[in-house]
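Given chain E's structure and the hints, the job is docking chain Z onto it.
Letter by letter, the chains look like this.
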Amino acid sequence: MKFISIDMDKCVGCMNCEYACSFIQNEDFARKDSNIRVNYYPETVTNITMTCMQCTEAWCLEVCPANAISRDEETGVVKIDQDKCAGCKMCMLACPFGNIHFNSTKLVSQKCDLCGGDPNCVKFCISGALQFEESEDLFESKRSSLDGKLQQLITDGKIKVKGGE
Amino acid sequence: MGSERKVTKTLCRMCDDHCGINVYTENGKIVDIDGSNHYWNQGRLCVKGRAGVDFFYHKDRILKPLKKVDGKFVEIELEQALDEIAEKMNEVKSKYGARAMSIWKGEAIGFAQQEEIARRFIHAIGSPNYFSNDSQCFVGRWIGYSLVAGSWMAQPDFENSKCIVLWGANPPNAHPNMTQYIMKAKQNGAKIVTIDSRLSNIARQSHVFAQVKPGTDGAVALGIIKLLIERNAIDNDFVENYTIGFDKLKEYSMKFDEAFVCKETGIDKETLYAIVDAISSAKNKVINYVGNGLEHHENGINNIRAVASIDAIVGGFDQKGGNFMPEGFGQSELTLYDEVPLMHLDPIGADRFPVFYEYRQECHTMTAMDTIISEKPYPLKGMIIAGANPASTNPNSKKVVEALSKLDLLVVRELFMSETAELADYVLPAASYLERAELHYHGMHQVATLTNRLTTIPGVQDEYQFLHDIAHRVGAGEYFPWENEDALNEWLVEPTGVSIETLKANPEGYQYKPLRYKKWETKAQNGEKPFNTHTGKVEIFSEYLENLGYDGLPVYISPDYIANAEEEYPLTMITGARKLVYYHSRNKNFKRFLTAVPKGEVELHPEDAKSLNVKDGDLVKVTSKIGSMEVEVCIKHRKEIMPGIIQITHGWKNANVNLITHDDKFDPIDGFPLMKAVKVKIEKL
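Going down the list, the protein sequences come from chains E and Z.
Sequential numbering of the first sequence, starting at 330, is according to the working numbering.
Sequential numbering of the second sequence, starting at 5, is according to the working numbering.
Please keep in mind that the hints were generated in silico from the structure rather than gathered at the bench.
Check each hint, because a few of them may be wrong.
Said to hold, decoys possible - DSBU-like, lysine-lysine: derived pairs with alpha carbons at most 35 Å apart:
1. Z/Lys-289 <-> Z/Lys-522
2. E/Lys-413 <-> E/Lys-435
3. E/Lys-471 <-> Z/Lys-273
4. E/Lys-361 <-> Z/Lys-657
5. E/Lys-452 <-> Z/Lys-33
6. E/Lys-331 <-> Z/Lys-68
7. E/Lys-478 <-> Z/Lys-592
8. Z/Lys-72 <-> Z/Lys-592
9. E/Lys-452 <-> Z/Lys-592
10. Z/Lys-273 <-> E/Lys-452
11. Z/Lys-13 <-> E/Lys-361
12. Z/Lys-10 <-> E/Lys-452
13. Z/Lys-595 <-> E/Lys-471
14. E/Lys-478 <-> Z/Lys-33
15. Z/Lys-273 <-> E/Lys-361
Excised from the complex, chain E in its bound form (with noise of 0.2 Å):
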């Protein structure tokens, strides 16, 4: 299944990952309405941007006492059924990583739902950082990550390898 990947080697927290999904739910740049969250920890110099992974083992979907929470056979998108929630909020105790919110408006919990197979907070992610990408072909991207830091190791005289010139 694809899903959305998170480079945080690329994040340069422009934001504009969550403007654009809180346009999608709610016309709006709002902060609270949007589904993926990047936060900044100016003290390490880190950005840490976090979204739904679209769990194989959704604990959401297990403890949804109202059955509103499925799984989209076909493309594996766990999903809030927003006419089932009842507004109990285990979904958003259940989720060991705080990727599902709660609707203060709607009054019902709300999460990822990959924009139905078009994300956009991956569209309008302007560094890169965020892939919708094939579970399989992640490896292919953070390999190339890791040997293009390897190779500047070479270059550096950081690390030696034999063989070659």
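Chain Z in isolation, oriented as in the chain E frame:
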């Protein structure tokens, strides 16, 4: 009955990045915008791009010509407006001469083509006075690099680079789309270095962040040069065969030892060495990219020349992975500088800043304000401004308002009412980028794009149509023979061998020439000038500048706030740090943008906030020698801004920083105003 969704591809003009966009319409109404797979942005877009929908249907958009009658605007018909403007222009011309009329190109509504049309128009009516925002943006970097290497397109080959040094530039907010290229380079092992007074968004992802005092970049650059030469981490062949003045630079750079550089700039030795390490390990796959942070200083041009000298000695110019020098599209030229030379009419500012005029053929806007008020050296009485808001964005707003109010004729073409439009005699509705078809070029990939006119609004003219109609009314019609923008475009592409049909068939960009690197080598072999400078070589030392009375070397001059510190003004103010959702003074009328960034603020270091006894949201008065302004406090993390340095972003009507920026202190070479190292004091209110 279901509505049919249609997609039209064109370019965005919500900022200067010009990304490819898909505009979705349903029954003729624009419903959404996202990024197209254009060469340049490859499917991504920032949220400003989508806001094309916001402005197109905004209730405050100006859609009818307005005329000021007894201090109030009344709606009039377009034909009446054009007739009256032409008549008043003729009055100004007959009373004061043609040079009393002027035109001013802004950044809000069109692409590069509108600039050429404006330049053509003003010469066609016999005045040399073309103005633009470029008196204080982009051109400082353009001139700095052009003096050294003969060109600057701000489109380096980021993706293939092994070391990107960003000087006073924060692409995520200023040129959002550059971010993905820089991050791709990072993924491929490039070292990213950011040199800035603020820990910006791009600094967060940089391997090296050098936090420097404002305006001291030249000292950092010369310190880097000294160390690179000492380590022999330079391209000796390139230096020997393609540059002038290396020995002089070598000798001069000796003054910039680590102790001096660290003391002057505020960085530490380890950081300086880390920058030099990053540059030397990348060989010539190095990019020094200068941002607007290096302009707006009294020593800006020489600081930029010093940075360009790094590219020169490592041989990075026009290399794959270096400061690529794109080849042009070769379209017909609209300007009339050869056909109608008007140098004898004393273009405003040309005598004061000859390099600025010679390199750009444009007049100096700060001098224009003085000219309007004093009528010296001659009266300047009429101005047509298109998509610019100098009452907010030029330095010393109070004087700008005074000057513009004094004009006999001020015409402002705009999308929305602005501080400048308020002062106008006529405000005309301008066609936005969604209502124009203009040619645009992206240098990095050497692609041309013809923007797609999605729709037209009756009575709302594009730039060409307006200037065509006025030219024909004031007897300059011969220079505007093309019936409309489409006919003009046909003429523009004539010499290129690329047809309008080809461009229309390639709305995501048409690559007009394959990329070639190291063109200086081929040119030298063919007996041509390798670089477009006076000598044909990379001019580390400029005899041209020396002959004009400037330093031939990129001599570093300590900023005034360091060299002549004053007790009365203990803080140093920088301005102009970009906020993602805004474009200078634009977009402040979009509700959702105000949710994201609700107000103008003064950014303070926690130590300064403590000594001023202020907290977030407190109102303070900031005073310079030019004036005072009031603004709310935003205390930054101690790493994000240096103690003693404050930052205020421009473009806020009720917290206008340009009330206190300088229109009386300039870089002597390009005439850029001092807006980023301003001595100020703060009082709690």
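Hint check results:
no. : hint                    : verdict
1   : Z/Lys-289 <-> Z/Lys-522 : 12 Å, holds
2   : E/Lys-413 <-> E/Lys-435 : 12 Å, holds
3   : E/Lys-471 <-> Z/Lys-273 : 34 Å, holds
4   : E/Lys-361 <-> Z/Lys-657 : 28 Å, holds
5   : E/Lys-452 <-> Z/Lys-33  : 22 Å, holds
6   : E/Lys-331 <-> Z/Lys-68  : 49 Å, violated
7   : E/Lys-478 <-> Z/Lys-592 : 42 Å, violated
8   : Z/Lys-72 <-> Z/Lys-592  : 24 Å, holds
9   : E/Lys-452 <-> Z/Lys-592 : 24 Å, holds
10  : Z/Lys-273 <-> E/Lys-452 : 41 Å, violated
11  : Z/Lys-13 <-> E/Lys-361  : 32 Å, holds
12  : Z/Lys-10 <-> E/Lys-452  : 19 Å, holds
13  : Z/Lys-595 <-> E/Lys-471 : 39 Å, violated
14  : E/Lys-478 <-> Z/Lys-33  : 48 Å, violated
15  : Z/Lys-273 <-> E/Lys-361 : 43 Å, violated
Checked against the numbered hints above, the structure violates hints 6, 7, 10, 13, 14 and 15; every other hint is satisfied.
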